[in-house]
Amino acid sequence: MRLIYLMIILSLFLSGCTPPLSIEEKAIISMAGFDKKDNKIQVTAFIQNPAVLGKARAGAQKDERPVSILKTEGNTIDFAVHWSSNFVPRHVDWNHMQVVILGEELAEEGISHVLDFIQRQPEASTLPFIFICKGITTRELFERAFEFTDSPSRYIQEIIAPSREHTNFREVRVYNLLNDLNSPLTDIVVNGIRLAKKKHYVTAGGHETFYITNTLGVLKHGKLAGWMDKKASSGYMWVKEDRWDHAVELKNERYKVYVNHDITTNKPDIKVNFRGKDIKNIEIEVDIESKISEISHSRMPLTTQTIHLFEKDLEVYVEERVRHMIEVSQKMGADILGLGYQVRKANQKYWEQYKTEWAEKIYPRIHVDVIIHVQVENTGDIVEKTETNIENK
Amino acid sequence: MTQFNRNKADLISFRQLGWLMITVYLSTGITFGQTLLAEKAGKSGWLSILIAGLVTLLLLWIIVETSIKNPKQSLVENLRSRLGKALGNIVTVIYLLLIFFLLIMITYQAVRITELNFIYIYINPYIFIVIAYLLVIYMITGGATILVRVNDTILPIFLLLLLVIMILDIPFIELDRGRPLWPGNWGDVIRGASLPLILFSELTAISMLWPYCRDHHDKKKAIKTMGFLVVQGILIMSFIAWALIITFGAERTSSLIVPIYYLAREIFYGQFISNFQILLLPMILGSIMIKIALFIFVLTDGLQQMGWSKYSWSIPYLLSTAVIISTMNLIKSDHQFSYYLTHVSVWLIPALFFIHSFLWLANVIYQRKSSTRG
Amino acid sequence: MSRRKFKLPQKQYKAKRLTFVEEIAMWLGEQPDLMIHYLKNRNTGGTPPYILMYLESMVDLKKINDQIVQTLTGMSHEFSVGELAERIPADNTKEFDEVQQAGHLLLKGYTLILQQRHRRGFAVNTGKMPQRAFSEPEAEKVIFGPHLGFNEQLSDNIALIRKYVDRDDLRFKSITIKHPSDKKVYLAYVAQTADPQLIKEVERRLEKVEVKDLNDVHYLEEWIIDRGLSPFPNFYYTERPDVVAANILEGRVALMTGNSPVAALLPISISHFLMAPDDHYYNPIYASFLRVFRLIAAVLAFSVSSFYVALTMVNHELLPFQMIQTIIQAREGVPFPIWIEVLILEFALELVIEASRWTPGNIGQAITLFGTIVVGQAAVQAGILNATVIVVVSLEAIASFAVPVYRASTMIRLLRYPMIILASFFGIVGILLYLMLIFIHLVRKENLGMPYLLPLAPFDLSGFKDTLIRVPRKMMDRGNLINKE
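Residue numbers (the numbering used here), protein chains in the order written: chain A, 977 to 1369; chain B, 12 to 385; chain C, 3 to 487.
Hints listed in this document are in silico derivations from the structure and should not be mistaken for laboratory results.
Some hints could be false.
[Claimed, not checked] Derived pair list, reagent style BS3-like, types lysine-lysine, alpha-carbon separation capped at 27 Å: (1) A:Lys1199 - A:Lys1216; (2) A:Lys1207 - A:Lys1196; (3) A:Lys1325 - B:Lys51; (4) C:Lys214 - C:Lys185; (5) A:Lys1321 - B:Lys51; (6) A:Lys1216 - A:Lys1247; (7) C:Lys130 - C:Lys65; (8) C:Lys130 - C:Lys110; (9) A:Lys1331 - B:Lys51; (10) C:Lys447 - B:Lys321.
Owing to the predicted nature of the structure, the values given are computational and were not obtained by experimental measurement.
Start from the sequences and build out the full structure, keeping to the hints where you can.
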């Protein structure tokens, strides 16, 4: 009996299995772009081939590039990619995708199709960053990138790293989108990506690069509802994101100096106030702490009064942006701050009654108060400008 | 090194039995259990588990109560001696058939999980199941003690992995995403509670292991130790359900095949842990294996006690072949059949409940009779 | 004194009735060093009353001269054999009256004292065994602690154990094993701590042994172990008296035979293979660190190459993107699939190990040099192997040498071959299934009734005191002194 059993297993072993392909036999997609054109999904992808670098290291002539570009289209992504296997040298592999870029047109129609595809790839990670092209199609963007870099996904990750601190960069990965799309209470924002102006950054070959925009695209129920301007995006970041190490340059009208604030913390707090059965107002309160890192004027004493003035400046600056952001989002009818959730937390009955009307009717007309508290830390190190002391000596 | 106590060598302690129960929960709880739970109970699935846990404790009490009456007899022997040979055999066959159905269900789910989530096209998922069954047979031919000891050593590794996943996931959990966990509708919760009950009904299998227990006459200790461990298992399960719903929400959890796999898929720590989820494989397959081993052991033992001991060495082989073949047929046939099977399994709970309560009642009546005679 | 080498009686003497001496010589057969010594009594003169027989290479001639010849020649008259026993100043004496008995005694280094016309005799132990001085064993060197090992003399080894254990309940039980010349093995144990059932069991199993040959205690392992084949070592062999002493104090039994410096300790569990002899001479924290470290080394030695194969061939989504690029670059132009590449290198590693085992020390260096250059550099440059595989396999090799017991490290190297092949087909799942198999095997394995995985399965927290970690001696000894009864 045991022998028979062994035979069955051996036959199973010998029938259906072949050793799998090892990594160098796969065409690893590092970055993929999806767009819509003539009602078809247009797939553009970078296929990495690091073996070329190995060849180059061994001394062979470098006549190939370690990256190639795949352009294909179809009604579904998977079919389009499978169809392309005729002209791609190795097996396409989605496991190591680093960045996903969506075309503006596709985003307007809805991104759930692409997300569904990524989620259904059993081994694909849900970690890639996601961006929306602004003012350019994905294919164009990929072609531009192909001109100046051998590792486009890495290039994007490199430009992300500093922008976390100084621009309106909201880190959105595929799983964030997947999770948020499933919770209908919050609408999401995604950064755009666009061509850089030549004067800012030009590569050695004189090619145009691209950069992450300071404007955020609003995805309402998974569809691109519009772009917020720079000011509104900044306001969104003050409420939603940790602005640690963020630099703000402000002009003080009274002393005619420029002061640079280095933000240490910002703590947002959202409160919903009811009057009877209706919402009276929503209060958004942000506590900000900052350090003064630079003052442009040489003889500017840093006393409690001046610090108070600088605090006021920053308060006005932030409040203006947050108010603008709320106006913009109310116009779009996209509850990007998740205020609906706060309402639901405060009053379940009210929410159950009005949840269908929230996004379209109630949210655009709701009164939102913005209260900003700024506290500048007086570190005590330097009270007066160092120059004055030096000059006096 | 301390001396090894030879007298206790071949017996199981209640603690070990409790750990076996936790593995049995986990194997279902981390795989398809959560999906079904989210489907039925929605966002308050964790509460359903807690409610089901109360019923489970009741079930545990009944099991201990029936087993303690005749600690040297397993469930099958007990049934046969109490109900008479004919009736006892019928009830036993029903019981073993239910266990057999559960076994097919688990195997089916295991194949489905491997097929859909982990294995790529060039490998046949049946091979895993066949190898897993061979290992299971190797395990159970060593006796109940071996099965329990394997579980003893593997379970801490599983729990550690689970803990690591939960801890690594904390940065990815956003609490303000808008998912209140308190139920709006208590009907959902009660409906949801029926699902974990399927899982807990597997507890009855342990009453077959009772004769192998070390202190099998000590009721207080049994209730204390095992009850404590059962409560622990329920809390772990409830915590997993809570974490899943916090991260995914009920809608998405119910659409995923192995939600915890997707939870692990989100973990990302720079250059070192990029795709963590694959490490869940050992946990999922290992715990399913131990569960299969428990059931095959129960079936083998049950059949032997019904008088099949002549063929004792071939029973596990025959059983596993039967399970594999029926699972293969199930997968090849219409998907509807599996749906049907899942619904049949809902009847398992009352059936298993009924068998145990019946036995309990029989025990009480028998004792009263014998005491009046005396 | 007439001493002559004995010559076998020719065939023509066969008809004649042989003397007892001649019969013994016949029984022994061709023994060129057999000496027969006819003693003449100074006082009585005439026919030599005593005949001495001995094998010249086995005896201490000085002892014979001092203890026997001097006494016998100085006697006033002839004594019978029984009377002689009281008069000869030797302690280890035996009487015999059979040819076979006499032959066995001769072969053990006894000197026989016989009388003409009597078929009885008397034997004195004058044996002189070739003997080696005590030295530190090659395979179990320590930095601190006693630098002492057994030699091939059983009595010396017993003396060493007595010296180290120093307890009044130390017992040596001798058991005779079925062997053409009835070999004896010794069981050393401490009566208070050893389990009497265990000793009974060992005795029972030893009584069943039938060996043709018993040069060493290793011959007994396969007779004593439980049923079933297993690649895992069953006994812990040591040449160090301090290790034996420590183990028998913990309740284990040491099995020793003559002519071998090795003692077998039983029963043991798998945790023994993480222990080095000098763990107890270090600070407990450092010793615990070393043990955990060794466990990591063992796990690495066992699994690194399989995980490499699984990660690069099947589950490469687990690898970070940058690492994948590096591996692909390194693999450019390599003609073999990864798993064959790994197997080739593993095979080369075994070759180097085996080759350096058999070559004399000064040539051994050439092998290392050649191995390094050929495998390490030339193979990569020629594009036959890739550099990452070499890193992986050498890491594994080094890790396997960090396991303190050589037997365990060879076993680890042996067990990983199936795992590499499974990993290449099934990836991580294949590794899992293989590990499960090994794991179930270990749980099922018993060593003289003791589970092999103790204290892990069945779980015993107090057993961890001196296995994976080493707690301070204070905590360890306290438990041992208040042992049951």
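Going down the list of hints, with the structure as the test:
| no. | hint | in the structure |
| --- | --- | --- |
| 1 | A:Lys1199 - A:Lys1216 | holds, 21 Å |
| 2 | A:Lys1207 - A:Lys1196 | holds, 20 Å |
| 3 | A:Lys1325 - B:Lys51 | holds, 23 Å |
| 4 | C:Lys214 - C:Lys185 | holds, 10 Å |
| 5 | A:Lys1321 - B:Lys51 | holds, 24 Å |
| 6 | A:Lys1216 - A:Lys1247 | holds, 15 Å |
| 7 | C:Lys130 - C:Lys65 | holds, 9 Å |
| 8 | C:Lys130 - C:Lys110 | holds, 9 Å |
| 9 | A:Lys1331 - B:Lys51 | holds, 23 Å |
| 10 | C:Lys447 - B:Lys321 | holds, 26 Å |
Checked against the numbered hints listed earlier, the structure breaks none of them; every hint is satisfied.
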